[in-house]
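Construct the entire structure; sequences and hints are all you get.
Residue numbers (our numbering), protein chains in the order written: chain F, 1 to 245; chain Z, 246 to 374.
No wet-lab data here; the hints were simulated from the structure.
Cβ atoms here follow ideal geometry from the backbone N, Cα and C, with glycine treated the same way.
Errors might be hidden in some of the hints.
Claimed, not checked - Here are a few chain Z residues that sit away from chain F, every Cβ distance over 10 Å (derived from the structure): (1) P251; (2) L256; (3) W261; (4) A288; (5) A320; (6) L334; (7) E349; (8) V354; (9) A355; (10) G359.
Claimed, not checked - Okay, the calculated bits of chain Z under chain F, using three or more residues with CB under 8 Å as the criterion: (11) 302-310; (12) 335-344.
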Amino acid sequence: MSELMIEIDVLRYRPEMDEKPFTQMFEVPYTPDMSILEALQYIKDHLDSTISFRWSCRMAICGSCGMMVNGVPKLGCKAFLRDYYPKKVSLEPLANFPIERDLVVVMDDFIKKLEEVKPYIIPEKEKCLSEGTYQQTPEQMAKFKQFSMCINCGLCYAACPQYALDNKFTGPAALALLARYNRDSRDGGEAQRMKIVNQEEGVWGCTFVGYCSVVCPKDVDPAAAIQLLKVESSKDYLIGMFKPE
Amino acid sequence: MTKRKPYKRELPTDWWLKHAFYTKYMIREGSSVLITLYSLILAWGVLRLSQGEAAFNGWLEALQSPFSIFIHLLALALALYHTITWFSLAPKAVDLWLKGKRLEDKVIVAGHYGAFAVVTVFCLLIITL
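If you want it as structure tokens, here you go:
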């Protein structure tokens, strides 16, 4: 039998028995169309059923299978063995998050930050249902659409050294989501959100490394969202000097 | 009883050497050290100028040492690197819309190079005329 094989290193951590993570190597049959996620499923089905990892949709929509592939944050379903073969692939849980078990990380802090930015439309004036819907032109939608494509996979947080150094930083995805609502013509909550933006932990915690936008699987470009918010924050500061609230 | 025991990985101090993208970022930011040094040398020249001709000529002479030339070449290289990388990032901080469409990235980058050329020519004119 001459089946092609590929070696996959997986960082394992079993909290009930391990003091710290260790690397375990698996040999998986290689085919060019096999994704990293499929390779992990092969390992779980045939080699070691105790291995843990998150996944759901298999098509880069759910944002569950984020992990470090050879040190780069990627979605397991969107990364393919053919791009690494015949070299070894090393899989680790997403960087900058605590490890819950094996490739599963604790995302609580990330979720908390997403909630903190008031990610919902705050209308300037409540409209009565009988007045109809809030309408928007295609151009008004184009101003925020890109920033609404986020699937909350957390790859940008794993790519952000500022978040790694100080996790008080609000971070790329949450700030992009904030920008998405601030830029929406139907929204009137900008003043409330600018308080979050203006903080040191808001946009000013960003030093424009820009790697978040490189690793984003949905081309959201959080780095752009943050730089545009910095412009808004500066304007807010200048206006505040002449017109204190 | 919970068996949860989340494991926190330490960030190694050489994190910026582990990936070329981070290393390039650190060089971009680190260029500020030499650019600061260069501005201090210039400021020192202005101070020496205020102290008279002899003092200023002494400063000019000091600039001709091999070490000084090395520092200046290094500062020039880093300043150019900073400029090129910064211009390529500029579109991310510019949000210009024309006729319902966002201005293309390459137009914004070209605008920066254009402005850079105009300012350079202007400065050269001031110095030479």
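Each hint, compared with the structure:
1. P251: violated, 4 Å
2. L256: At roughly 5 Å from the nearest Cβ of chain F, L256 of chain Z sits no farther out than 10 Å, so the non-interface label is violated.
3. W261: W261 of chain Z not clear of chain F: closest Cβ-Cβ about 7 Å, inside 10 Å.
4. A288: Given a closest Cβ separation of 26 Å, the condition holds.
5. A320: holds, 21 Å
6. L334: Violated, because the least Cβ-Cβ distance between L334 of chain Z and chain F comes to about 6 Å, which does not exceed 10 Å.
7. E349: For E349 of chain Z, whose nearest Cβ neighbour in chain F is about 14 Å away, the distance exceeds 10 Å, so it holds.
8. V354: V354 of chain Z clear of chain F: closest Cβ-Cβ about 14 Å, beyond 10 Å.
9. A355: holds, 18 Å
10. G359: G359 of chain Z clear of chain F: closest Cβ-Cβ about 21 Å, beyond 10 Å.
11. 302-310: violated (count 0)
12. 335-344: Held - the segment 335-344 of chain Z has 5 residues with a Cβ nearer than 8 Å to chain F, which meets the minimum of three.
Hint violations for this structure: numbers 1, 2, 3, 6, 11, all remaining hints satisfied.
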